[in-house]
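Trainee: Sequence:
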Amino acid sequence: MHRKYLLSLVALLSSIIASAQYEQYFTTATMRLDYNHVGTASEEHFAFDQMVNDGHWAGSKTVLIDELRLGKYFFEVKEPETQKVLYSRGYSSIYGEWETTPDAKDNWGSFHESVRFPWPKAEVDVTIYKRNRLNGFDPVWTYRVNPKHHRAFTAPVEQHYNTFDVVVNGAPEKQVDIVVLGEGYAKEDMDKFHQDAQRFADVLLNTEPFASFKEKFSIRAVETPSPHSGVNHPHQDIHTRSAISVTYGAFDSERYALGYDNKTIRNASAAVPYEFTAILMNDSIYGGGGIYNLYITAAVNNAFQEYLFVHEFGHHFADLADEYYTSATAYEMDAEHLEPWELNVTANPDSETIKWKDIVTPGTPIPTPWEKEKYDKHSIEVQKKRVEMRKAKVDEKVMEDFFLDKKAWDDKLLANMKYSGKVGAFEGAQYKATGMYRSAANCIMFTRHDHFCPACQRGIKLIIDQYTR
21 MHRKYLLSLV ALLSSIIASA QYEQYFTTAT MRLDYNHVGT ASEEHFAFDQ
71 MVNDGHWAGS KTVLIDELRL GKYFFEVKEP ETQKVLYSRG YSSIYGEWET
121 TPDAKDNWGS FHESVRFPWP KAEVDVTIYK RNRLNGFDPV WTYRVNPKHH
171 RAFTAPVEQH YNTFDVVVNG APEKQVDIVV LGEGYAKEDM DKFHQDAQRF
221 ADVLLNTEPF ASFKEKFSIR AVETPSPHSG VNHPHQDIHT RSAISVTYGA
271 FDSERYALGY DNKTIRNASA AVPYEFTAIL MNDSIYGGGG IYNLYITAAV
321 NNAFQEYLFV HEFGHHFADL ADEYYTSATA YEMDAEHLEP WELNVTANPD
371 SETIKWKDIV TPGTPIPTPW EKEKYDKHSI EVQKKRVEMR KAKVDEKVME
421 DFFLDKKAWD DKLLANMKYS GKVGAFEGAQ YKATGMYRSA ANCIMFTRHD
471 HFCPACQRGI KLIIDQYTR
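For the sequence shown, the working numbering gives the first residue as 21, with consecutive numbering after it.
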């Protein structure tokens with residue numbers, strides 16, 4: 021009891037000190053630092069655009085330093101004279117993915133990006149770092165932020181959008197705050213958008229570990245009506261304009277959906293307090309995307325909408341890696357098996373040093389045997405058939421039935437093995453069939469399953485704690 025009291029006292033004192041530091045250096049507003057990220061596969065550059073008042077600060081005022089250090093990029097806000105770190109966060113970006121595609125070898129790319137932090141009372145240095153091959157971070161850009169700069173737009177956010185609460189459980193600075201945007205919803209679809217936003221919230225907050233912490237989440241939505249229903253599909257020769265310009269076909273991958281209009285997405289999101297963004301696409305074709313600390317996209321009118329919500333949110337919220345390895349991707353992966361920074365995959369099958377050693381089920385061998393050969397053979401056959409069906413432009417309902425059969429086959433196999441339900445090191449993860457491991461036989465990040473594996477759940481809990489302490 022005495023030890024518990026001391027720990028509580030230390031936590032309280034730390035919170036008071038951190039809160040005092042916030043008051044010393046920051047106002048109650050949010051600064052959005054906009055910049056352009058330009059480069060190729062071999063070089064990159066940054067150029068300042070503007071600073072924008074992005075509304076009342078919705079983040080924690082006590083947990084200002086990101087000790088998890090996830091993401092391909094990381095930024096720090098520092099006091100210029102002492103270089104004391106006042107605020108930091110990890111993140112990933114569209115550029116960070118694009119530079120790994122074949123297009124980046126031959127062409128330059130330009131992407132508009134933002135980092136958000138409390139509005140500083142005086143000048144600060146913002147330094148962006150990029151993760152290196154040894155999982156450290158190297159500085160790639162530093163900008164001296166002057167809050168009185170002529171391109172610092174200090175006016176408060178003007179309300180151009182209709183907004184509504186989906187679920188609100190407390191003050192923003194003590195909550196995980198999610199904003200839901202609608203894409204491809206015409207004005208006459210707004211009732212449907214309200215229903216879809218509620219369904220997203222229900223699905224997410226009834227999935228563990230979110231379900232155990234649902235009182236720590238607030239979800240608000242912003243109406244962003246489009247001229248027409250539906251989203252752009254270049255591979256299907258379906259071309260349409262929508263409110264925030266999300267499109268399928270990102271990086272020439274048919275079902276990967278991203279929005280490149282960063283300012284429009286950010287301006288719409290700022291209509292409510294937010295830290296995380298979910299873009300629901302009013303579309304029936306399976307697809308979506310999720311980038312750490314940027315946003316998710318997910319199609320809502322197909323049989324796998326609930327899986328898409330949660331899978332993509334895992335990427336966005338906790339930087340969870342894809343655990344599958346038999347599907348084609350647009351990325352060119354490194355042939356080496358370097359230890360990934362993501363918390364749910366590893367290249368280290370050593371029982372004494374594996375990153376989730378403390379949750380390995382006693383008696384489970386590392387690496388962990390599973391029906392990999394049988395799974396791989398079936399998955400390769402499925403992928404071959406999928407390509408043929410897509411080329412033949414079969415009806416989307418036929419595709420859904422095809423993948424529902426695949427899900428049933430996967431669930432049956434992966435639930436009935438010797439080490440099903442155990443935590444170990446199952447080979448095959450992060451687009452690599454060998455040399456990369458996941459913690460469980462099945463997971464939302466591996467197949468169209470309905471549960472997160474223990475390693476994923478632990479990572480999600482760490483993020484929840486970071487935003488609600």
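Some hints could be false.
As the list claims (entries may be wrong) - Quick list of the computed label-pair ranges, beta carbon to beta carbon:
#1 Asn226 to Lys125: 42 to 48 Å
#2 Trp361 to Pro385: 52 to 58 Å
#3 Val105 to Trp361: 16 to 22 Å
#4 Thr174 to Glu63: 55 to 61 Å
#5 Lys411 to Arg171: 32 to 38 Å
#6 Gln103 to Asp421: 55 to 61 Å
#7 Lys207 to Thr60: 51 to 57 Å
#8 Tyr163 to Asp421: 50 to 56 Å
#9 Pro229 to Lys125: 36 to 42 Å
#10 His255 to Lys397: 27 to 33 Å
#11 His471 to Gln218: 21 to 27 Å
These are calculated hints, taken from the structure and not from any lab test.
A quick note: this is a predicted structure, and the numbers were derived from the prediction, not measured.
Yeah, the Cβ is synthetic: ideal placement off N, Cα and C, and Gly gets one too.
Trainee: None of the hints should be skipped; say for each whether it holds.
Mentor: Tested hints:
no. : hint                         : result
1   : Asn226 to Lys125: 42 to 48 Å : holds, 44 Å
2   : Trp361 to Pro385: 52 to 58 Å : violated, 26 Å
3   : Val105 to Trp361: 16 to 22 Å : holds, 19 Å
4   : Thr174 to Glu63: 55 to 61 Å  : violated, 34 Å
5   : Lys411 to Arg171: 32 to 38 Å : violated, 49 Å
6   : Gln103 to Asp421: 55 to 61 Å : holds, 59 Å
7   : Lys207 to Thr60: 51 to 57 Å  : violated, 42 Å
8   : Tyr163 to Asp421: 50 to 56 Å : holds, 52 Å
9   : Pro229 to Lys125: 36 to 42 Å : holds, 40 Å
10  : His255 to Lys397: 27 to 33 Å : holds, 28 Å
11  : His471 to Gln218: 21 to 27 Å : holds, 22 Å
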